[in-house]
Amino acid sequence: MSGQPAPLVDDPETTTDIDPDRPWDVIVWDDPVNLMSYVVWVFMRVFSFPEPVARKLMLEVHREGKSLVASEPRERAELYLQQLHGYGLQATIQRAA
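In the working numbering, the protein residues as written are 214 to 310.
Possibly wrong hints are sitting among the right ones.
Claimed, not checked - In silico lysine to any residue, SDA-like type, Cα no more than 25 Å apart, as pairs:
#1 279 / 245
#2 269 / 306
#3 269 / 237
#4 269 / 299
#5 279 / 291
#6 279 / 296
#7 279 / 260
#8 279 / 235
#9 269 / 305
#10 279 / 251
#11 279 / 242
#12 269 / 310
#13 279 / 263
#14 279 / 308
The set of hints was computed from the structure by calculation and includes no laboratory data. All values reported here derive from a predicted model rather than from experimental measurement.
The task is simple: from the sequences and hints, build the whole structure.
Rendered as structure tokens:
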């Protein structure tokens, strides 16, 4: 042996396709509990959206049943998720398509 480390070999059977830069989507779901004005206020507070943007997203939640409100790195998406849950909104995160 020459004391040199063995070269790394890509094994297609064991390598996985990981894209660490792919963002996570934060989705807010419609619920029968929260007032529309409250949802607008939460969006403005959590995401610092201006009122027209927050109102547009709230109407999307109301009319479509859900709205994609942010696409962020995982840690930021999880923080937003916690904050939204803290305000009583139903939200989830998922990997962006």
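Consistency of the hints with the structure:
no. : hint      : verdict
1   : 279 / 245 : holds (13 Å)
2   : 269 / 306 : holds (20 Å)
3   : 269 / 237 : holds (21 Å)
4   : 269 / 299 : holds (22 Å)
5   : 279 / 291 : holds (18 Å)
6   : 279 / 296 : holds (17 Å)
7   : 279 / 260 : holds (17 Å)
8   : 279 / 235 : holds (21 Å)
9   : 269 / 305 : holds (19 Å)
10  : 279 / 251 : holds (16 Å)
11  : 279 / 242 : holds (4 Å)
12  : 269 / 310 : holds (23 Å)
13  : 279 / 263 : holds (19 Å)
14  : 279 / 308 : holds (16 Å)
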